[in-house]
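Number of protein chains: 2
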Amino acid sequence: MQPHLSHQPCWSLPSPSVREAASMYGTAVAIFLVILVAALQGSEPPESPFPYHIPLDPEGTLELSWNVSYDQEIIHFQLQVQGPRAGVLFGMSDRGEMENADLVMLWTDGDRTYFADAWSDQKGQIHLDTHQDYQLLQAQRVSNSLSLLFKRPFVTCDPKDYVIEDDTVHLVYGILEEPFQSLEAINTSGLHTGLQQVQLLKPEVSTPAMPADVQTMDIRAPDVLIPSTETTYWCYITELPLHFPRHHIIMYEAIVTEGNEALVHHMEVFQCTNESEAFPMFNGPCDSKMKPDRLNYCRHVLAAWALGAKAFYYPEEAGVPLGSSGSSRFLRLEVHYHNPRNIQGRRDSSGIRLHYTASLRPNEAGIMELGLVYTPLMAIPPQETTFVLTGYCTDRCTQMALPKSGIRIFASQLHTHLTGRKVITVLARDGQQREVVNRDNHYSPHFQEIRMLKNAVTVHQGDVLITSCTYNTENRTMATVGGFGILEEMCVNYVHYYPKTELELCKSAVDDGFLQKYFHIVNRFGNEEVCTCPQASVPQQFASVPWNSFNRDMLKALYNYAPISVHCNKTSAVRFPGNWNLQPLPNITSAVEEPDPRCPIRQTRGPAGPFVVITHGGRH
Amino acid sequence: MQPHLSHQPCWSLPSPSVREAASMYGTAVAIFLVILVAALQGSEPPESPFPYHIPLDPEGTLELSWNVSYDQEIIHFQLQVQGPRAGVLFGMSDRGEMENADLVMLWTDGDRTYFADAWSDQKGQIHLDTHQDYQLLQAQRVSNSLSLLFKRPFVTCDPKDYVIEDDTVHLVYGILEEPFQSLEAINTSGLHTGLQQVQLLKPEVSTPAMPADVQTMDIRAPDVLIPSTETTYWCYITELPLHFPRHHIIMYEAIVTEGNEALVHHMEVFQCTNESEAFPMFNGPCDSKMKPDRLNYCRHVLAAWALGAKAFYYPEEAGVPLGSSGSSRFLRLEVHYHNPRNIQGRRDSSGIRLHYTASLRPNEAGIMELGLVYTPLMAIPPQETTFVLTGYCTDRCTQMALPKSGIRIFASQLHTHLTGRKVITVLARDGQQREVVNRDNHYSPHFQEIRMLKNAVTVHQGDVLITSCTYNTENRTMATVGGFGILEEMCVNYVHYYPKTELELCKSAVDDGFLQKYFHIVNRFGNEEVCTCPQASVPQQFASVPWNSFNRDMLKALYNYAPISVHCNKTSAVRFPGNWNLQPLPNITSAVEEPDPRCPIRQTRGPAGPFVVITHGGRH
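Protein sequences, first through last, are from chains A and B.
Quick note on numbering: the first sequence equals residues 1 to 620 in the UniProt record's numbering.
Quick note on numbering: the second sequence equals residues 1 to 620 in the UniProt record's numbering.
Among the hints, a few may not be true.
Heads up, the list lumps identical chains together, so a pair's fine if it works in one copy or across two of them.
Straight-line Cα separation of at most 27 Å, DSS-like style, residue types lysine-lysine; simulated pairs [said to hold, decoys possible]: (1) 500 x 310; (2) 202 x 422; (3) 422 x 556; (4) 454 x 289; (5) 570 x 291; (6) 570 x 310; (7) 310 x 556.
Don't read these hints as lab results, they were simulated from the structure.
No experiment lies behind these values; they were computed from the predicted model shown.
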C-alpha cells in the first residue's frame with residue numbers, strides 16, 4: 001500500500017521543537033516528508049477493506065478498524081477521529097495503563113501536525129521511539145473528521161513496543177485538545193484518556209456454508225433502559241417453545257442496538273439446568289435483590305460474545321444441541337453494559353442471534369470444564385502481584401473418559417473472577433508439554449469471550465491438560481479462597497470440543513490432608529496461632545495465617561508438590577468410577593518450545609523522527 | 001573509521017548458496033560489496049590503537065586485540081589468524097558454550113570468502129542474523145596471516161546478540177579448515193573450537209603519576225617446568241628482607257614469560273598471617289602432598305592478575321602497606337597454568353611486579369570480606385541450575401565499625417568455589433537498594449581478578465551490603481554445603497577500600513536453630529527419616545534430606561525468611577562487642593533501578609546479508 005498523496009505535497013524541515021526531540025536520540029534528521037496538507041474536502045475514503053471495527057471511547061469520538069495479514073505478520077489500522085481535535089494518541093499497554101504504553105501520536109505545535117511512533121514512561125511522559133515501527137500510510141481530513149491509516153508488524157523487537165499476540169489486547173487512547181510545542185511536552189495524565197479491550201489477531205477460520213434449512217432465533221432483552229452507572233450486568237430469562245425438537249446451533253452472532261455500540265461490552269446466553277422443570281421469568285440487573293436464586297442454576301454457556309468479536313461459526317462437522325427432552329427449555333441472557341460516562345435515557349434491545357438447523361451434523365459439540373475445583377482449599381495470599389494456581393486434568397481421567405480416537409478442541413473460554421490476570425492451558429503427553437491449547441497473558445475478567453482456536457487441538461487418551469491462572473491480590477488484605485462468590489476465585493477453561501463425551505468436568509484441587517499439614521507447620525514454625533480446632537473452616541484457617549514470606553513461599557511449595565484430588569466427573573456431582581483422591585501431580589519434565597520472535601528486517605523503514613503530516617501554513 | 005579498500009575493489013553478486021541463506025530471512029539482497037581482494041602482500045597494518053590483547057587459543061593461532069569507546073558504546077576488535085585457514089568464527093556466549101552463541105563468521109565456499117554476523121542455535125547449527133550488527137572495517141592478508149578489524153555496539157537489541165556488559169565475557173572461537181557451501185551448512189560441533197574468559201569493558205580509570213622514589217619488587221616463581229596437565233596451581237613461597245620498613249604498594253602488574261602468554265591464566269600474591277614467626281619455603285604444585293599445611297595460613301590477598309588485565313593502579317590517595325612489624329614477611333605466589341593441549345617442556349618464570357614507595361600516601365587501603373560465613377548451615381541442594389545464597393553486612397555492623405565519614409570501595413574481587421555462576425553485591429540504605437557495588441552475571445571460578453570499579457562506592461554508617469551468589473549443582477548428587485573445601489562452597493566479595501578500618505569481615509549465615517526447625521519439618525512432612533539425633537552434624541543432616549520439590553522450595557523459603565547470625569569481626573576470630581545472633585534479615589523494599597538498554601539507531605547499517613570479503617577469482 002502506498003501513501004495517499006493529496007494535492008500540494010511538499011518537503012519541509014522540522015520545527016525546532018521536533019528537531020530537539022529527534023536530537024535527543026542522537027539522530028540528525030535531515031528531511032521530513034510532508035505527506036498530506038490539511039483539509040482535503042469532499043472526497044470519500046475508498047471502501048473499507050477492514051473486517052473488524054470497534055468504538056474506542058463511549059462517546060464514539062474514536063473508531064478503530066483493522067485487518068490482519070498473517071503472511072506478512074502485519075496489522076493495518078484505520079483510526080477515525082470525529083470533530084476538530086488538536087491530536088490523538090492510540091496504542092497498547094499491558095493492562096490498559098497509560099504508563100509504559102506503546103503509542104502512535106498525532107499532535108500539532110499549532111503550525112504543523114506530526115505523526116510518530118512513541119512510548120510513555122512509568123510517569124506517563126511521552127518519548128519518541130528509537131525505531132519508528134508504526135508506518136503512516138494515509139492521513140485524510142473529511143469535513144469534520146480525520147482518518148489515519150497506518151500499519152505495524154506484530155513483533156518489532158523494539159523493547160519499547162508491545163508484542164501483539166493472539167490474546168486480549170488492551171488498547172489505549174487519548175484526545176489532545178490543544179497544541180504542544182514538542183512530543184516530550186506531553187504527559188498522558190493531562191489528557192482525556194481511556195482503554196478498550198479487544199482480540200486483535202482473530203484466527204483465520206474458514207466460514208462453513210450454511211445449509212438451506214437454517215433458521216434464526218433472537219435471544220434479546222426487550223427495550224432495556226440502560227442504567228446510568230458504570231457497570232451493569234443485565235439478566236433476562238426466556239424459553240424455547242414447548243416441544244421444540246432437537247436442532248443443532250451452527251452459528252451465532254451479536255445483534256447490537258444501533259447507537260449503543262460503545263455501551264454493550266459483552267453478552268452471554270446460558271442454558272438452565274435440566275433438573276428443574278421450570279424457571280421463573282426475570283428481566284432486571286443480575287445483582288438485583290429481586291432476582292430469584294433459582295437463576296443461579298442457569299450456567300451452561302450456549303453462546304458468548306464480546307466487543308470486537310464477529311459471528312461464531314461451529315466447525316462444519318459439529319453443532320450444539322438445542323431443544324429435545326434431555327435439556328432445559330429455559331435460557332438466560334446476560335448483557336454487560338459498560339457506561340463509564342453515566343449516559344442517561346439510552347434504551348437497548350441487544351442480544352444474540354442463534355442460527356440453527358434441523359439437519360443434524362455428524363457430531364455434537366460439547367463443553368468441558370478444565371482447571372480448579374471450586375473449593376477454598378486453593379487460595380491466594382493477599383498482596384501478591386503474580387500468584388499462580390494450577391489445576392490438572394490427569395492422564396488417568398482422559399484414559400478412562402475419552403474415546404479412543406480422542407476429541408478435538410476447537411474453541412475455548414477462559415474464566416476467573418476479579419483478581420485473574422493470566423490464564424493458560426497446556427497439553428502434555430508422556431511427561432512433556434506438547435502444545436498450548438489457549439493462552440491469555442493479558443486476560444481480563446471483564447472481557448470474556450469464546451475464542452476459536454487458531455489450530456484445533458486433539459486430546460488423546462492418556463494426555464494431561466494443565467490449566468494455570470495468575471492472580472493479582474495487591475489490593476486485598478485477606479487471603480482469597482476458591483469458590484463461587486465474586487470475591488472468591490476460579491480458574492477455569494471451558495473448552496468447546498467434539499464429539500461430545502460424558503466427561504463434563506476434569507479438574508483438581510490440593511489434597512485436604514496435605515493442606516492441614518501446611519497449617520500445622522505454619523503454627524509450629526511461627527509460634528503464632530493458626531486455628532486448627534475441628535470447627536474451623538478452611539477459609540477461617542487461611543484468614544488466620546500470618547502472611548510472612550515463609551508462609552507464602554511454603555504455600556506455593558505445597559501446591560507444587562502435594563498430591564491432588566481429581567474431579568473426573570460426568571456431571572458436577574457424578575464421578576467416573578475409582579478412587580480419585582491422593583493422586584500424584586503429573587510429572588512434566590519439559591516445557592512447550594516457543595518459537596523465537598522474528599524481528600522484522602528494517603531496510604525499508606523511514607527516518608528515525610516524527611513525520612510532518614499536515615502544514616497549516618501561514619502563522620509563523 | 002572507514003573500510004580499508006585495497007586494490008581491485010569490485011562489486012559482485014552473491015553465490016547461490018549465500019543467496020539461499022539470505023532469502024531464508026525474506027531479504028532480497030541486491031548487491032554485495034567486495035571490500036577486499038585476497039593476498040594483499042608486503043604492507044604492514046597501521047600501528048595498533050588497541051590497548052588490550054589476549055591469545056584466544058593455547059597454540060596462539062588466534063589473537064584478539066580490542067579497544068572500547070564508552071562515548072559511542074562500541075568495541076573495535078582486531079582478530080589475527082595465523083596460517084592458511086579456510087575461515088574462522090569468533091563470538092560470545094553465556095558461559096563459553098558453542099551453542100546459543102553470538103558469532104562473527106569468516107568463511108569461504110572455495111570461490112569467495114564471506115563475512116557475516118551470525119548465531120548458533122541450541123544444536124550448534126549456524127544461522128545468519130536478521131540484523132548485521134558486527135560491522136567489518138578492514139580485512140587484510142599479510143604473508144601467512146589474516147587480520148580482521150570489526151566493531152560492534154555493546155547492546156544491539158537483536159535478541160540473538162550477546163549483551164556486552166562490564167563483567168566476565170566468555171569469548172568463543174573456532175577454526176574452519178575447509179570450505180562450506182553455505183553458512184547454514186556449518187555446525188560448531190565439527191570444528192576445532194575453544195573459549196577464553198576476559199573482561200572486555202575495562203573501566204576507564206585515570207592513571208595516577210608514580211612518585212620519583214618508586215621501587216619495584218618481582219614476586220616470581222624461578223624457572224618452573226610447566227606440568228603437561230590441563231590445570232596446575234603452582235605455589236611458591238618467598239619473603240621480604242629482614243627489617244623491611246613500612247612502604248605503600250601503589251601499583252602492580254603481571255610479568256609473563258615470553259611465549260607462555262596462552263598458558264599463564266591467572267596469578268595471585270598472598271601475605272601470610274602474622275601469627276607465625278616463620279613459614280617453610282616451598283616451590284611446587286599447590287595440591288602436592290609435600291606442601292606444608294602451614295601455607296594455608298597465607299590467604300591475605302596482596303595482588304591478583306588474570307588474563308587480559310593490565311597494570312593495577314591504586315587510587316592516588318591510598319596505598320597498601322608492605323613491611324613493618326605488624327605484618328608477616330612471608331608471601332605466597334600462586335600461578336594458575338592452563339595447559340589443555342598438554343604442551344611439554346615449557347619453562348616459566350612468570351609472576352607479579354610490585355611497585356612501592358616509602359612516601360606513604362594519606363590513606364592505607366584495606367580489604368574487607370563480604371558475603372557468607374564459611375559454614376555448612378548454608379547449603380545448596382543437588383541438581384539445581386540457579387540456586388541463590390545471600391550474605392548480609394547489616395546496618396548495625398556498619399554503624400558500629402565504619403568511620404563517620406564512611407569508606408570508599410574502589411575495587412572488588414568476587415570469589416566462589418566450583419559451582420558459582422553469578423555474584424553480586426548491592427548497597428542498600430533506608431530499606432532501598434541504591435547501587436551495585438560489583439556484579440558478574442557470567443562469573444567463573446576459574447577467572448578471578450581484582451577489578452577496579454567503574455565508579456567507587458561510598459559506604460556510610462548504617463548502610464547494608466548484600467552479597468548474593470548463584471550456584472549450579474546440576475552435576476552433584478549430594479547437597480553442597482558451605483566451607484573451605486574445594487567441593488564445598490563460598491560466597492565472598494573481597495572489597496578493596498580506604499581508609500582501612502578494624503572491620504575485616506562482615507558476613508552472615510542462617511540461624512542454626514531455624515535450620516533445625518527446617519530439618520524437623522522435612523522429617524514430619526515427608527514421613528521420611530532425616531537424622532536429627534544429637535550426634536548428627538549439619539552436613540550429615542543435609543545429606544539425608546530427600547530432595548523433592550517441597551524440601552527444595554522450603555529451604556529457599558527458610559533462607560529468605562529466617563533470622564541470621566552476623567559476623568561483624570575485627571579478625572576472623574574477634575567480633576565487635578554485642579550479641580550478633582538471631583538478627584532480623586534486612587527489610588529491603590525496592591531493587592536497584594536499572595537503566596533501559598539503549599538500542600542503537602540502525603540508519604547506517606549495511607544490507608542484511610553476508611558481505612563478500614575476498615574473491616579468489618578463476619575457479620568456476
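The hints, checked one at a time:
no.	hint	verdict
1	500 x 310	within (25 Å within a copy, 73 Å between copies)
2	202 x 422	within (19 Å within a copy, 43 Å between copies)
3	422 x 556	both (17 Å within a copy, 26 Å between copies)
4	454 x 289	neither (42 Å within a copy, 68 Å between copies)
5	570 x 291	neither (29 Å within a copy, 75 Å between copies)
6	570 x 310	neither (32 Å within a copy, 74 Å between copies)
7	310 x 556	neither (40 Å within a copy, 49 Å between copies)
Taken one by one, the earlier hints fail for this structure at numbers 4, 5, 6 and 7, listed in ascending order.
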